[in-house]
Amino acid sequence: MSDTLRVTPLHDLHAELGGKMVPFAGYEMPVQYPLGVMKEHLHTRTKAGLFDVSHMGQVIVRHADGYAGAAKAMEAIVPVNLLGLGEKRQRYGFFTNDAGGILDDLMIAHRGDEMFVVVNAACKEADIAHMQKHMTGCEIEEITDRALIALQGPSAEAALEPFAPGCDIMKFMDIGIFNSDFGELWISRSGYTGEDGYEISVHATHAEALTRRLLEHDDVEPIGLGARDSLRLEAGLCLYGNDIDTTTSPVEAGLTWAIQKARRAGGDRAGGFPGEARILDELANGTARLRIGLRPEGRAPMRDGTELYAGAEGGAPIGHITSGAFGPTIEAPMSMGYVEAAYTRDGTQLYGEVRGKRQPVRVASMPFTPNTFKR
Amino acid sequence: MKFTEEHEWLREEDGLIVVGITEHASEQLGDIVFVDLPDVGDEVVKDDEVVVIESVKAASDILAPIDGEIMEVNDALTDTPSKVNEDAIGEGWFVKIKASDPSQMDDYMDEAAYKTFIA
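Chains as they are written, first to last, in the numbering used here: chain A, 7 to 381; chain B, 89 to 207.
Treat the hints as calculated values from the structure; they're not laboratory data. A portion of the hints provided could be inaccurate.
Not close to chain B: a few residues of chain A, all C-beta gaps over 10 Å, as computed [stated by the list, open to error]:
1. Pro29
2. Gly273
3. Gly278
4. Arg301
5. Pro307
Derived contacts from chain A toward chain B, CB cut-off under 10 Å, selection only [claimed, not checked]:
6. Thr10
7. Val13
8. Val37
9. Lys45
10. Ala233
11. Ser236
12. Gly304
13. Arg305
14. Ala316
15. Ala331
16. Glu359
17. Val360
Covered, in the sense of this in silico footprint (three residues per stretch, anywhere, with C-beta under 8 Å from a C-beta of chain A), are these stretches of chain B [what the hints assert, rightly or not]:
18. 95-104
19. 182-188
Where a beta carbon is used, it is the ideal one built from N, C-alpha and C, also for glycine.
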């Protein structure tokens with residue numbers, strides 16, 4: 007597989023910074039730097055972390071009627087109110103399939119005359135083919151000559167502002183296009199850590215120079231995929247492929263907040279997306295299982311695949327864990343998973359089977375750490 | 089001090105064999121967040137799973153390098169598993185075993201051989 011791994015425009019810089027490279031979604035990516043996962047995680051929460059997320063798919067959607075045309079076409083495959091999205095704003099969404107499962111989750115931005123979309127690396131080819139097939143009248147262009155950098159944490163604003171004056175007044179989920187010494191920067195105030203911060207799309211030719219300048223800031227350290235995963239889990243955010251996939255509906259996954267009124271029963275544009283029958287039914291009547299947060303007792307993490315039981319002995323599993331790790335900020339293990347609806351109340355005592363032994367774990371609300379978005 | 093191909097070290101101390109993992113292993117595992125130790129008095133046979141360590145990346149089994157009885161475990165690791173990263177061959181030890189056949193030690197590498205092994 008190593009002969010087919012792709013690299014990002016920051017590949018040489020990762021090597022110089024001592025990044026430990028691993029294969030991830032077809033790319034060679036840094037899993038950690040010499041600081042180590044734990045310290046990288048804590049640094050992002052207290053100062054700022056810089057992540058190379060250039061493996062993710064960046065796509066521009068154009069339509070003769072501008073953003074509105076693209077939004078209308080996208081609403082046929084995403085159960086989100088995209089026509090109601092304001093200019094220079096971004097919204098979270100997901101592609102659903104006919105069974106009401108999730109094909110991928112994504113960010114959708116209103117750029118005035120066009121739409122900008124960011125999708126997961128592992129799904130990007132399939133997502134683009136899906137958009138091309140279903141979004142009639144749209145031109146779907148994958149952007150392959152730009153890097154994507156995430157700058158996350160309380161110092162992110164101070165570190166980025168000198169290179170993108172005005173980015174400080176952006177609010178959570180605002181987007182903007184900034185002219186800079188590093189060419190045009192496509193910036194959104196968002197991320198995948200629960201912290202305030204930005205995602206910055208920069209042309210490949212300027213990516214390394216911009217990254218170096220950002221890293222010169224005393225508070226900014228490079229952060230690998232290891233800490234990216236523990237940060238997003240503490241923030242209660244789903245990882246596609248673990249916590250959501252084609253077998254989980256958005257309602258089971260607790261993502262109903264992303265399905266606005268306009269797309270629900272009685273809304274202006276109710277339904278009209280793949281899996282509408284199941285999703286609208288679940289919105290009205292609930293689901294047999296739900297995604298929940300879990301706090302294991304003690305220090306041992308309960309990782310994905312762990313079966314969950316209602317009692318310390320006997321009985322069939324009532325759910326399973328889809329993500330689990332040690333949370334450096336909460337200094338305790340944390341997990342998320344799916345359980346039957348009867349066991350979703352906060353504080354419910356359950357048992358996870360780890361190495362053949364049932365260990366106590368409690369249902370807990372997410373996020374595990376409060377988010378610090380700039381609203 | 090002796091070393092196993094599983095990246096454990098063994099050191100004789102007051103008639104007991106102290107067991108831990110090498111610095112090389114602790115670096116490869118990354119930050120260690122949990123150590124599951126056996127009970128004092130457990131009888132172990134070489135290659136039994138005796139300790140489980142969880143790092144930020146994954147769980148790993150530590151195998152008993154030698155037959156014998158667990159005489160002491162490093163309880164300090166329960167609250168501060170990071171000692172394994174900070175001082176793998178010192179304060180990061182796991183267990184002390186009363187060896188029933190100390191000649192099993194002879195099968196393992198000395199430090200020079202281990203350094204070649206990981207090079």
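Structure-based check of each hint:
1. Pro29: Correct as stated: the minimum Cβ-Cβ distance to chain B is 14 Å, above 10 Å.
2. Gly273: Answer for glycine 273(A): holds, closest chain B Cβ roughly 43 Å.
3. Gly278: holds (43 Å)
4. Arg301: holds (14 Å)
5. Pro307: violated (6 Å)
6. Thr10: Hint violated; threonine 10(A) Cβ to chain B Cβ min 24 Å, cut 10 Å.
7. Val13: Interface hint status for valine 13(A): violated (22 Å vs cutoff 10 Å).
8. Val37: holds (8 Å)
9. Lys45: Nearest chain B Cβ about 8 Å off; hint holds.
10. Ala233: For alanine 233(A), the interface hint holds, since the closest Cβ of chain B sits about 8 Å away, which is under 10 Å.
11. Ser236: It holds, given that the least Cβ distance between serine 236(A) and chain B is near 7 Å, below 10 Å.
12. Gly304: Interface hint status for glycine 304(A): holds (8 Å vs cutoff 10 Å).
13. Arg305: holds (4 Å)
14. Ala316: At about 24 Å, which exceeds the 10 Å cut-off, the nearest Cβ of chain B leaves the hint on alanine 316(A) violated.
15. Ala331: holds (7 Å)
16. Glu359: violated (13 Å)
17. Val360: Cβ of valine 360(A) sits 8 Å from chain B, so the hint holds.
18. 95-104: violated (count 0)
19. 182-188: As far as the stretch 182-188 of chain B goes, the hint is violated, because 0 residues have Cβ atoms under 8 Å from chain A.
Of the numbered hints stated above, those contradicted by the structure are hints 5, 6, 7, 14, 16, 18, 19, listed in ascending order.
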